[in-house]
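J.: Sequence:
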Amino acid sequence: DTGVVVALGRIVLREALQQLARWRRAGGDPTWTMSVNLSPRESLAADLVEAVQRALADAGLPPSSLMIELTEPSLLADTDAVLQRIHHLKDLGVKVAVDNFGTGYSSLGYLQRVPLDVVKIDRSLVSPLRTQQPKVTVTRTIVDLVRTLGRDVVAQGVEVQSELDGLLELGCSVGQGFLLHRPAPAEQLSAELGLVEVG
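Here the numbering used here is used: the first residue of the sequence shown is -5, the next is one more, and so on.
These are computed hints drawn from the structure, not numbers from a lab. Errors might be hidden in some of the hints.
[Said to hold, decoys possible] Result set (EDC-like, lysine to aspartate or glutamate): computed pairs, CA atoms no more than 16 Å apart in a straight line:
#1 84 x 52
#2 129 x 74
#3 89 x 116
#4 84 x 116
#5 89 x 146
#6 84 x 63
#7 89 x 63
#8 129 x 159
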């Protein structure tokens, strides 16, 4: 309500890109990208594109190293304004994803209108794989649809082996969730990846 989320989001964006730059300097893979979530309020900020450009320049990273994640409500908040900003970000070379897809906020129509790179399916579409055969789930339909539209698909909330097995059977090989790794501080991840940060 106060709008402070926009200022906070800028700090998160800057810090996330600075961390990626440190990992790259420490020997991390130069193709690694950093995903940063934007709130609906941030996606409507008039200077969003300029803020992204500044954060990338300050970190010394190319636009292709950043993926902006928007929720379905963000895409529907003010369609024309948000769509224009997404096109500008895409023109820069930034990747764009929709987060938590399938939570029931919208129709599927925007998947064709919005130039998304990635669709991240919500865990509510992943959890049925615990008890159902993958090929008879809505999950399969969504994975097939996303692929048909030429987008990459990422499964969210992968928590048990049966979910992972089902996703792999459906050809979805990218995911996130507690089964794969829990959230962790950058320092812990650096150690696990064998990276020695140099500042």
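J.: For each hint, tell me whether it holds in the structure or not.
T.: Status of the hints after comparison with the structure:
Between the alpha carbons of residue 84 and residue 52 the distance comes to roughly 19 Å, so the proposed pair goes past 16 Å and is violated. At most 16 Å may separate the alpha-carbon atoms for a hinted pair to count; residue 129 and residue 74 exceed this at roughly 37 Å. Simply put, residue 89 and residue 116 have alpha-carbon atoms about 19 Å apart, too far for the 16 Å limit, and the pair is violated. Taken as a hint, the residue 84 and residue 116 pair is broken in the structure, with Cα atoms around 23 Å apart against an allowance of 16 Å.
Between residue 89 and residue 146, the direct Cα distance comes to roughly 11 Å. Compliance with the 16 Å bound is thereby established for this hinted pair. For the proposed pair residue 84 and residue 63, the alpha carbon gap of about 13 Å is at most 16 Å, so the pair holds. For the hint pairing residue 89 with residue 63, the CA-to-CA distance comes to about 9 Å; that is within 16 Å, so the pair holds. Using a Cα cut-off of 16 Å, the hinted pair residue 129 and residue 159 holds, with the two alpha carbons roughly 12 Å apart.
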